[in-house]
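Protein sequences, first through last, are from chains A and B.
Start counting the first sequence at 3; every next residue gets the next number (the numbering used here).
Start counting the second sequence at 7; every next residue gets the next number (the numbering used here).
Quick caveat, the hints were computed from the structure, so don't treat them as lab data.
Ideal Cβ positions, reconstructed from N, Cα and C, are used throughout, including at glycine.
Honestly, I wouldn't trust all of these hints.
To give an idea of the interface, some chain B residues facing chain A are shown, with a C-beta separation under 8 Å as derived from the structure [as the list claims (entries may be wrong)]:
1) Val29
2) Thr34
3) Ala35
4) Thr37
5) Ala88
6) Thr91
7) Thr93
8) Lys94
9) Pro95
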Amino acid sequence: MLDGTTRAADEVVAVMPPALVECTVEKVAVNAVMAGCRPEYLPVVLAALEAVCTDEFNMHGILATTMGVGPVLVVNGPVASRIGMNSGVNVLGQGNRANATIGRAVQLVVRNVGGGAPGGIDRATHGSMAKLGFCFAEDEAGSPWTTLSEDRGFNRSQDVVTAFCGEAPRVLVDQKSRSADSLVRALAEGLRASVSPRVVMGMDGMLVLSPEHMSRFRDAGWDRNRFMAELAGHLTVEADDVLAGAGGIEEGLPEGFAGMTLPKFRPGGLLVVHAGGSAGLFSAIVGGWVNGPMGSEPTSREITP
Amino acid sequence: MGERPDGQRADEQGDHAVSQSTVVLDPTAGTTLSDRARSPRPTSLVGVTVGLLDISKPRGDVFLDRVAERLGEQGATVLRYAKPTFTKPAPVDLRHEIATQCAAVIEALAD
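Given these sequences and hints, build the entire structure.
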């Protein structure tokens, strides 16, 4: 396994929460073997751990929260195809060794080295599949848009892993929209319920846009910026509908928001990735967790040999 | 049981034909827990300083306001503290502040 990286076995990769112990490349390698990784996956695992073990990503809080969230890992760059990652058919499902084991290795390191075992520091009410290991690659070749990593300031030639604190994905169905305008409205409507219709701006989200849904925007000549602007225009919440007490529901926004129209997500709080099989008029939503300095920031790291 | 290179079956000699020693690597940090003695428990609340730590989740203050009221009635001095955010461990400085100023602490977890 250690042949997969040029880094020394005794090099410290990160200080591992929750026990805050120094974690070496060798310890990561041991857990990567247990997860079923091939050696060439190791640099991705190492970069992912560097991303999650930061104050801004806040792995400790993600582990300890009762909410069922975990590190969702998106891989961009040539490394994805080089190590055989899946960005196509069944991208968020089973059947690809790299996708399945990289996320699993990260989880095992947090559990074994950091001491974050379920029932101990991990207090999730239900947990979710995102906590077993959630890792996939963006379909860059099939996308007319800039990639997630480019959107986050990297070059297309760079190998990058982005960690997002999220739950398991859910399907967003729209099989009838034939225009970009119709589909963007449908996506906005679905995203409005991410986590809860009554959570506004406080939690981020991720949209995994399928190739067939992407084709609507490709045909209309929309680039990423146009799509994000159009989406933001529709993805608003009338605060009066979701105030605490509105509709007989005690959960909701404080009275001080009365009368306002608010964006569902904070600026930059929705990550959009292109992935999935070539057939199927579905996209996927991954709900987030408490965002920003109070919770978790999406965090990217370059993958180096 | 498989065939050994020498043609004998492994079970004939009661072993498993392992000719090299097996090295088992530890996937954990290898750290061990250490025991520390608890601070003495207060026998009375009269004149005792009790810290109330709000982790900053909704309605924690409602719970702690009532606890403060009850502690005051029993003669305790109450000091209030709050974590900057419930999603992260209490900062070291805050933990130190509570440890040096209080004989006991009550934490309001959530909701």
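Okay, the hints, checked on the actual structure:
The interface hint given for Val29(B) is broken, as the beta carbon of that residue sits about 11 Å from the closest beta carbon of chain A, more than 8 Å. For Thr34(B), the suggested interface contact is upheld, since its CB lies about 5 Å from the closest CB of chain A, less than 8 Å. Because the smallest distance between the Cβ of Ala35(B) and any Cβ of chain A comes to about 4 Å, under 8 Å, the interface hint for this residue holds. Given hint, Thr37(B) at the interface with chain A, holds; its Cβ is 6 Å from that chain's nearest Cβ, closer than 8 Å.
Because the closest C-beta pair between Ala88(B) and chain A is about 13 Å apart, greater than 8 Å, the hint is violated. With 8 Å as the threshold, the beta carbon of Thr91(B) comes within range of chain A, its nearest partner Cβ sitting at about 4 Å, so the hint holds. Given hint, Thr93(B) at the interface with chain A, holds; its Cβ is 4 Å from that chain's nearest Cβ, closer than 8 Å. For Lys94(B), the interface hint holds, since its Cβ comes within 8 Å of a Cβ in chain A; the closest pair sits about 5 Å apart.
Because the closest C-beta pair between Pro95(B) and chain A is about 6 Å apart, less than 8 Å, the hint holds.
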